[in-house]
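2 protein chains.
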Amino acid sequence: MFARSLNIRGFRFAGIPAGIKKQADALDLGLVVADQLAVVAGAFTRNLVRAAPVVVAERRIRSGTARAILVNSGNANACTGEPGMTATLETTAAVAKALGIEPDQVLPASTGVIGAVLPTARIIDALPHLVRGLGESAEPFSRAIMTTDRWPKLATARAGAASVLGIAKGAGMIHPDVGPPQATMLAFLFTDALADQATLADALYGACDATFNAATVDGDTSTNDTVLALASGAAGVAPAATELRWAFARVGDALARSMVRDGEGASHVAELTVRGLASDTDARVVAKTVATSLLVKTALFGRDSNWGRILAAAGRAGIPFDPSRAALAIGGVPILRDGLPLGADAESLATAAMQNETYPIELVLGDGPGTARYLTSDLGHGYVDVNAGYRT
Amino acid sequence: MFARSLNIRGFRFAGIPAGIKKQADALDLGLVVADQLAVVAGAFTRNLVRAAPVVVAERRIRSGTARAILVNSGNANACTGEPGMTATLETTAAVAKALGIEPDQVLPASTGVIGAVLPTARIIDALPHLVRGLGESAEPFSRAIMTTDRWPKLATARAGAASVLGIAKGAGMIHPDVGPPQATMLAFLFTDALADQATLADALYGACDATFNAATVDGDTSTNDTVLALASGAAGVAPAATELRWAFARVGDALARSMVRDGEGASHVAELTVRGLASDTDARVVAKTVATSLLVKTALFGRDSNWGRILAAAGRAGIPFDPSRAALAIGGVPILRDGLPLGADAESLATAAMQNETYPIELVLGDGPGTARYLTSDLGHGYVDVNAGYRT
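Line order of the protein sequences matches chains A and B. Start counting the first sequence at 878; every next residue gets the next number (this note's numbering). Start counting the second sequence at 878; every next residue gets the next number (this note's numbering).
Please note that a few of the clues may not be correct.
[Claimed, not checked] Below, computed lysine to any residue pairings styled on SDA-like, alpha-carbon distance capped at 25 Å:
(1) B:Lys899 <-> A:Leu1226
(2) B:Lys899 <-> A:Ala1223
(3) B:Lys899 <-> A:Arg1180
(4) A:Lys899 <-> B:Arg1180
(5) A:Lys899 <-> B:Leu1219
(6) A:Lys899 <-> B:Leu1217
(7) B:Lys899 <-> A:Thr1228
(8) A:Lys974 <-> A:Arg886
(9) B:Lys899 <-> A:Leu1219
[Stated by the list, open to error] Derived list of chain B stretches under chain A, where covered just means 3 residues or more per stretch with a C-beta under 8 Å from a C-beta of chain A:
(10) 917-928
(11) 954-963
(12) 990-998
(13) 1097-1111
(14) 1172-1185
(15) 1256-1266
Derived from the structure by calculation, the hints contain no laboratory data. All residues carry an ideal CB built from backbone N, CA and C; glycine is no exception.
Could you build the full structure based on these sequences and the hints that come with them?
So, in structure tokens, the structure goes:
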């Protein structure tokens, strides 16, 4: 699933420590530069509270092209008003100057603590070092964008004769809801394909809805979620739109899965499927309600095949179904049929399946055509540790 | 706030161990008997998955009167199909027989593990002992209905010359959403007032919306939530409707506050007020989103005045407001104005206020008339402990 090659034609990457994070020598500033103008598409958080870099990046992708992405971790530059906006504009302008390109061609993204203005001077001071560090491997960049992440997140796929490389960060405040122009998940999809903006955007939005927007760690949608797709065209070939879409969806799925698996304090990933409702939209509402239920997520942590909590969460989703027809399987083991439990043996088999790092939960609520899928993590002491003391 | 007198004219109470809970000698069966037919009103969970006792109690209150309430803890009798329904009907029939009343006059309520059929024989065997135990004090009853509760929950108020006594249980799976006929909160409001059913129901629904339905521990609405109000008329006086409504709201508020304070693993209560939106409905949506945010609740656990998380949660509620006009105070200390933080001193004062067992959080998002209030608890390791191992 994960990347074998950490480079992609037409793009160079860098990641260095710039003193933004408290920990000395932690990588916290990343840069991606396209050799030529790249076609760009973006999806941004639908949270009403949006960080300065989100506002700026959304405006700048309207031109349809970009040359660079400047990303910092350790500071979200959110809820920072005019000083925050100035910091985003000044740092991206400095990148443009260092690269000899236009400021509007530099897309900013930030992740970290809310409410502190981005340290402009430190970033500008670090830029010469950052630019000198540009190289083919995306590995330092993938580490520079991490916050509470335990590992970097990369994935690749083929789209016909072209390639796709995806890089993401995210472990908490993960319940992306990103859409056309308007994800602290950050995800970057790079391709060397030739693609026009409509095709690129279509592939991006399709991938977001099927993957990032159907993944949750804690139900909290960030002020900074950003997904950017850049196409360099360096492969010299234009894959079929469906090929590109499929490749983006595969890479997005791998990245979303890695984020959920890396959920703060999480140890495993449950892949929830809800079927049998009137519509996909209905199924998605139920899946989201179950996937974000604290009682369900703590039961997962306890490796408890607690079907009652799953069914109770579905029942409060506001979507009509007949509970007496509900069926449930965990790890492929049926434990509920016609709304009634199948017994202690079935439950102990399901509990055994829950020892795996990832397993399916299938909830069938009728015979309608509506289906949805959601990735969710267990929630335990680690989450509390990370988030009760995040700023202190 | 809490009850000084644990009795109310016209009602007798009992609570005994019946072997329903695993722990030997734990009180788990409670009975309330009205000396005469009492006027009754009820509000039941809006969860689509509803336990057998909820279905039966809702049907039986339609007659407008009742004589008895049979409550067990340790078993929710939810998702138990026909055997569960039979168990509810047989146990309430046995109570009716023992008391010499009609079965339809006995209202059932259950709380505990989902998916196990109520142990009919144990309950019926215990009934003679239960009936012999009937007395004026509601104290044994208030303990017999507890599950993960750390303390019994009682509250009283005056309604003119009449009295109101409220008894509740609940600490987890607490996000009540109860309404006209339709917790696992269980709450029982007893009054010795003379009241017709419409007046009683009106007072009950008003109290539910203002108190239980604006309180959350974990965002999970139970299959068994039940609020019943019974009026014995033994005081011989009919208070004004507004008096009764006010008394119910006061008792409801005290009980809801006690439930949230007793939230599984919780150590304190935050009383969230959201103001300045277009409507009360809008304010309620925002308040609910903030009150149920995992990042907000873990910040409360850490006593971290993390306003960024509060504002970010408000921003994903789907209600329009201008973030640059947002203001926030915690414990009466303003820490955000015009969308911007008021500095480290303000935050450290707010953090100090968060050491209290209860404190207000006031979020102002504009100058509209819409206001809402929500009670929420901190969420920490205790919640994980209780819920990762609840059934094992």
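Hints versus structure:
1. Between Lys899 (chain B) and Leu1226 (chain A) the alpha-carbon distance is near 23 Å, which keeps this suggested pair within the 25 Å criterion.
2. Restraint check for Lys899 (chain B) and Ala1223 (chain A): satisfied, since their Cα atoms lie roughly 22 Å apart, inside the 25 Å limit.
3. Taking the CA atoms of Lys899 (chain B) and Arg1180 (chain A), the gap is near 21 Å; set against the 25 Å cutoff, the hint holds.
4. Under the criterion of a C-alpha separation no larger than 25 Å, the hint pairing Lys899 (chain A) with Arg1180 (chain B) is consistent with the structure, at around 21 Å.
5. With a C-alpha separation of about 22 Å, the suggested pair Lys899 (chain A) and Leu1219 (chain B) falls inside the 25 Å cut-off, and the hint holds.
6. A distance of roughly 22 Å separates the Cα atoms of Lys899 (chain A) and Leu1217 (chain B); the hinted pair therefore holds under the 25 Å criterion.
7. Of the pairs offered as hints, the one joining Lys899 (chain B) and Thr1228 (chain A) holds, with about 21 Å between alpha carbons and a cut-off of 25 Å not exceeded.
8. For the given pair, Lys974 (chain A) sits about 24 Å from Arg886 (chain A) by alpha-carbon distance, which is consistent with the 25 Å threshold.
9. The straight-line distance between the Cα atoms of Lys899 (chain B) and Leu1219 (chain A) is roughly 22 Å, inside the 25 Å bound, and the hint therefore holds.
10. Here the region 917-928 of chain B counts 5 residues with a CB under 8 Å from a CB of chain A, which clears the bar of 3, and the coverage holds.
11. Note: the region 954-963 of chain B has 4 residues with beta-carbon separation from chain A under 8 Å; the three-residue rule is met and the coverage holds.
12. Against chain A, the region 990-998 of chain B contributes 3 residues with a C-beta closer than 8 Å to a partner C-beta. That satisfies the three-residue criterion, and the hint holds.
13. Only residues whose beta carbon comes within less than 8 Å of a beta carbon in chain A count, and the region 1097-1111 of chain B has 4; three or more means the coverage holds.
14. Chain A is given as covering the region 1172-1185 of chain B, and this holds because 9 residues of the stretch bring a CB closer than 8 Å to a CB of that chain, at least three being needed.
15. For a cut-off of 8 Å, the count of residues in the region 1256-1266 of chain B with a CB near a CB of chain A stands at 8, and the three-residue condition holds.
The structure fails none of the hints (numbered hints given earlier).
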